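Trainee: Residue strings, one per chain:
4 protein chains.
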Amino acid sequence: MAIVFVTIAPLGTATPSLSKYVAGVEKVLRASGLKHQLTAMGTLIEGELDQILEVIRSMHEQPFHEGAVRVSTSLKIDDRRDGAAHTIAGKVRSVEEKLKEP
Amino acid sequence: MAIVFVTIAPLGTATPSLSKYVAGVEKVLRASGLKHQLTAMGTLIEGELDQILEVIRSMHEQPFHEGAVRVSTSLKIDDRRDGAAHTIAGKVRSVEEKLKEP
Amino acid sequence: MAIVFVTIAPLGTATPSLSKYVAGVEKVLRASGLKHQLTAMGTLIEGELDQILEVIRSMHEQPFHEGAVRVSTSLKIDDRRDGAAHTIAGKVRSVEEKLKEP
Amino acid sequence: MAIVFVTIAPLGTATPSLSKYVAGVEKVLRASGLKHQLTAMGTLIEGELDQILEVIRSMHEQPFHEGAVRVSTSLKIDDRRDGAAHTIAGKVRSVEEKLKEP
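Residue numbers (the working numbering), protein chains in the order written: chain A, 9 to 110; chain B, 9 to 110; chain C, 9 to 110; chain D, 9 to 110.
For reference, chain A alone in the conformation it holds in the complex (with noise of 0.2 Å):
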């Protein structure tokens, strides 16, 4: 299981607003009935690494359906396989934890 954070943008597109391109994104990710977490700088995606890879290839495309010609994709994949729990919810829950120690 492994958890990435992506962020898409189009460059040029006249407007600072992207809001527009990142919901077309967003539904692209949405049908894959992937578990994520939508935030203000990038979306969290928890799944089987391939699996989301390919969803992402798909995001990446949707911005140039749109009318972009440039599209910078960023993201960073955490990759953990030594068995401990690792999901969106429970890395959150793990630093709440030890926030509550003395």
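Keep in mind the hints are simulated off the structure, nothing from the lab.
Nothing here was measured: the structure is a model prediction, and the numbers come from that model.
Glycine included, every Cβ here is placed at the ideal spot set by N, Cα and C.
Among these hints, one or two may not hold up.
Not everything, but these chain C residues come out facing chain B in the computed CB check (under 7 Å) [unchecked claim]: (1) L19; (2) G20; (3) T23; (4) P24.
To give an idea of the interface, some chain A residues facing chain C are shown, with a C-beta separation under 8 Å as derived from the structure [claimed, not checked]: (5) L61; (6) R65; (7) V77; (8) R78; (9) V79; (10) S80; (11) T81; (12) K84; (13) I85; (14) D87; (15) R88; (16) R89; (17) D90.
Given chain A's structure and the hints, the job is docking chains B, C and D onto it.
Mentor: Frame of chain A; chains B, C and D shown alone:
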């Protein structure tokens, strides 16, 4: 007003679990009083850019105080000055509204 | 044609030195024959996007083959489709030409 | 001594070509005298961390001076304090030496 996404990770810690260090860094941020959101892949901070950068500078020192000898800190600044509302909650709301459009 | 910047780092490696792992990852890239440039903070790769992503997928596995249990891989894709020349050398040349202008 | 990789890009610029802005930002960096390396995907800077961050703060303002209303700045700090040589040239050399090993 800027929004910054920051990730701070020590390298060479012997254990692959980093939540102890993340909690230490988060404590420094909480003490600053800045509005923020902890996620599984980094923390979003909202506010005046110079104030945010000053706090991140302290956050970056924290793992060294806890024994780390190498720290990797990534940040992404989104600085918008065209008068549009620019907050962690507002950016997500703007995308969600576009997702509801037919 | 796309340009991708990629960084692959194992977490929890006992030693803060990662060059051994970087060399292992670089070997996988060299075997691919793709044009690339190694830098102190990551590697630039130039070529057809799907080919690049396939190689990065193999590069990401390499530290696991060498004993790592957690790998953090960051990549940034710059994909430009407006017909402008878009190469590692061309992008730098374009900036350097503008720096020479009075 | 730290090494920082920085990318500064205006959003909503009407044209997908950003080299004009990159050149403006690079001029600010050159004026600082800090050791650096321009690449197709960002610039590496080597030196004392606080000095680097101060220069990046000025670099981030530059696109606004040239008309941008939104600027996205990404930086990655690699800060190593175990006494190991930690320079742009040294990190690459270290990997290349390992690539020569049988």
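Trainee: Regarding the hint that P24(C) lies at the interface with chain B, is the smallest CB-CB distance below 7 Å?
Mentor: holds (3 Å)
Trainee: Verify the interface restraint on D87(A): the C-beta must sit less than 8 Å from at least one C-beta of chain C.
Mentor: Constraint on D87(A) satisfied, holds at 5 Å.
Trainee: Next item in the hint list is R89(A). Is there a CB on chain C closer than 8 Å to its CB?
Mentor: holds (5 Å)
Trainee: Min Cβ distance, D90(A) to chain C: is it shorter than 8 Å?
Mentor: holds (4 Å)
Trainee: Hint check: is the beta carbon of I85(A) less than 8 Å from a beta carbon of chain C?
Mentor: Holds: closest Cβ of chain C sits about 4 Å from I85(A), inside 8 Å.
Trainee: Against chain C, is R78(A) within 8 Å by beta-carbon distance?
Mentor: holds (4 Å)
Trainee: Can the hint on L19(C) be confirmed by a CB-to-CB distance to chain B that is less than 7 Å?
Mentor: This interface hint holds because 5 Å falls under the 7 Å limit.
Trainee: If you take the shortest Cβ to Cβ gap from G20(C) to chain B, is it below 7 Å?
Mentor: With Cβ-Cβ at 3 Å, under 7 Å, it holds.
Trainee: Is the interface hint satisfied for S80(A)? The criterion is a beta-carbon contact with chain C at less than 8 Å.
Mentor: holds (6 Å)
Trainee: R88(A) was flagged as interface toward chain C. Is the shortest Cβ-Cβ separation under 8 Å?
Mentor: Where the cut-off is 8 Å and the nearest Cβ of chain C is about 4 Å from R88(A), the hint holds.
Trainee: Measuring from the C-beta of R65(A) to each C-beta in chain C, is the shortest one below 8 Å?
Mentor: Hint holds; R65(A) Cβ to chain C Cβ min 7 Å, cut 8 Å.
Trainee: Under 8 Å, Cβ to Cβ, is where L61(A) needs to be relative to chain C, so tell me if that hint holds or is violated.
Mentor: holds (7 Å)
When held up to the earlier numbered hints, the structure conflicts with none and fits them all.
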